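Number of protein chains: 4
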Amino acid sequence: MHQTTRKAGVMSAAEVQALLDREFPQSARSQAIVIEEAWHGGCRVRRRFSERSLRPGGTISGPTMMGLTDFAMYVAVLTSIGPVPLAVTTNLNINFLRKPSQRDLIAECRLIKLGKRLAVGDVQIFSEGEDEMVAHATSTYSIPPPEQRKA
Amino acid sequence: MHQTTRKAGVMSAAEVQALLDREFPQSARSQAIVIEEAWHGGCRVRRRFSERSLRPGGTISGPTMMGLTDFAMYVAVLTSIGPVPLAVTTNLNINFLRKPSQRDLIAECRLIKLGKRLAVGDVQIFSEGEDEMVAHATSTYSIPPPEQRKA
Amino acid sequence: MHQTTRKAGVMSAAEVQALLDREFPQSARSQAIVIEEAWHGGCRVRRRFSERSLRPGGTISGPTMMGLTDFAMYVAVLTSIGPVPLAVTTNLNINFLRKPSQRDLIAECRLIKLGKRLAVGDVQIFSEGEDEMVAHATSTYSIPPPEQRKA
Amino acid sequence: MHQTTRKAGVMSAAEVQALLDREFPQSARSQAIVIEEAWHGGCRVRRRFSERSLRPGGTISGPTMMGLTDFAMYVAVLTSIGPVPLAVTTNLNINFLRKPSQRDLIAECRLIKLGKRLAVGDVQIFSEGEDEMVAHATSTYSIPPPEQRKA
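Those sequence lines, one after another, are chains A, B, C and D. Here this note's numbering is used: the first residue of the first sequence is 4, the next is one more, and so on. Here this note's numbering is used: the first residue of the second sequence is 4, the next is one more, and so on. Here this note's numbering is used: the first residue of the third sequence is 4, the next is one more, and so on. Here this note's numbering is used: the first residue of the fourth sequence is 4, the next is one more, and so on.
Any given hint could be a false lead.
Each pair may be met inside one copy or between any two copies, as identical chains are not told apart.
Claimed, not checked - Straight-line distance between alpha carbons at most 25 Å, and here's what the computed DMTMM-like set of lysine to aspartate or glutamate pairs gives:
#1 Lys119 / Glu135
#2 Lys10 / Glu54
#3 Lys102 / Asp134
#4 Lys102 / Glu54
It should be emphasised that the hints constitute simulated quantities derived from the structure, not laboratory data. Owing to the predicted nature of the structure, the values given are computational and were not obtained by experimental measurement.
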């Protein structure tokens, strides 16, 4: 957590949040997931615990963690390169490591490649206040060339 | 589609659907996703189109397709080995290939390994009535040993 | 195996093999791996059994199967779009399903996306003459834009 | 690099190296790849640069990096749980991020799960002396139950 060396992104966390609220008005996601911090090349986001995402055995569902991963990637990419509405996920790979606790999930995303055409991120998911990772994901975003970025 | 050679599973599609409705009462998923057919080693499931899962640009969200993949795997595993509530997804890898149409999604799951400890499935997702795959996923389930299967 | 509907690629199997022999002169791979057939959107390649690739327990090593997957993707991409020397693998995901027999491996590759910038393939690996898949992989190639294709 | 907190494994790097030399006598791999350091839960291994693993464009081949990943995982698992010859890779996912330099590759492996049945590792590959990752992989090993561990 080399927080002191973090560089500001081209958009702030508040700007990304406002863009998401505007772009995804129909989604319930904006209430459950919030951006905690965002910087050039990464972010930390939180998913508030909700009984709705529980599965048998009291575990938080896989799709909940996949959605959180995708959200974290989107925030990290937007923060780092600005509003590129047509950037799309092309690949997501996730390993579920242990049963999450019934509490908030924290996802930390770090872009391990930020190229002109592709961004690749590493996402670590934790139950709040716990040390052991509950899931680990990598994901790739395809970034459209500048001339195709108009929505 | 070697439909004529499909072997019945140990649970029927209706039995799996009833189990899911019972186990996931809090989820909205049971209304949007339905089992079309299930057999030993595979299944075909449908996600009804809903504006709620749209993203900017009119595309169906990645998490919607990841949730559908996870659901299809769960149905294929349950159908093939019976009710094993503690079976859990350990890995899911998905490639998003093209923008889905604004219509129902159909996922076809085929188990390419059904071992004592691990089941691995291949999931192909299509927009209904179209030929080109919109997403392709593989996923692994860990199956608990018999003595640990009590919830 | 809709062999009758297969469309010829822009390069034939012999042309791709000649290009590989020229481009990879230092590799021992060209002797062990051969192209059996190649068509627009796919190919079938063979890796001759060799004791050198065995691991403890008499199994063929994972890296052998990963190399075979990568080779099959490369052949399918070249056959489908012609010689693009700078096309590079960006992602490979492989599931090892069962222990291969001590005999030749056959890999069948099918491109499930062939876009301007990305090609995604599905690769199934079998022990020759056997029905059950020993490994399944998906892989993504990044295709450089035309102006960058000169080596 | 919390080197001071690293716990010794149940086998030392030298013991794992000796086991590998014994188990893989036919492989050329033992000369090119060496264990630099190994501890409970991880290791760092090196692949000496060799012109044989170059591909067109002067890049080190993908299969070379996949083999290195697999080796690093094997070393980390053996170091952490002792000699389990029948442990097998079940999944490997790798993202190739940038072209490696023509020099040694260093792979750092960290086990993010070390369970009774599954071990999952995160592997970062660098060109020696450089800061940017050239490839990132995750991989899963299946660990046989104690009663099946005899070869």
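Can you give me the call for Lys102 and Asp134, within, between, both or neither, at a CA distance of at most 25 Å? Within. Shortest intra-copy distance 13 Å satisfies the 25 Å Cα cut-off; inter-copy 34 Å does not.
How do Lys10 and Glu54 come out at 25 Å by Cα distance, when the copy is not named: within, between, both, or neither? neither (36 Å within a copy, 37 Å between copies)
What label fits Lys119 with Glu135 when the C-alpha limit is 25 Å: within, between, both, or neither? between (34 Å within a copy, 16 Å between copies)
How would you classify Lys102 and Glu54 at a CA-CA limit of 25 Å: within, between, both, or neither? For Lys102 and Glu54, only the intra-copy Cα distance (15 Å) is at most 25 Å; the inter-copy one is 32 Å.
Of the numbered hints listed earlier, the single one contradicted by the structure is hint 2.
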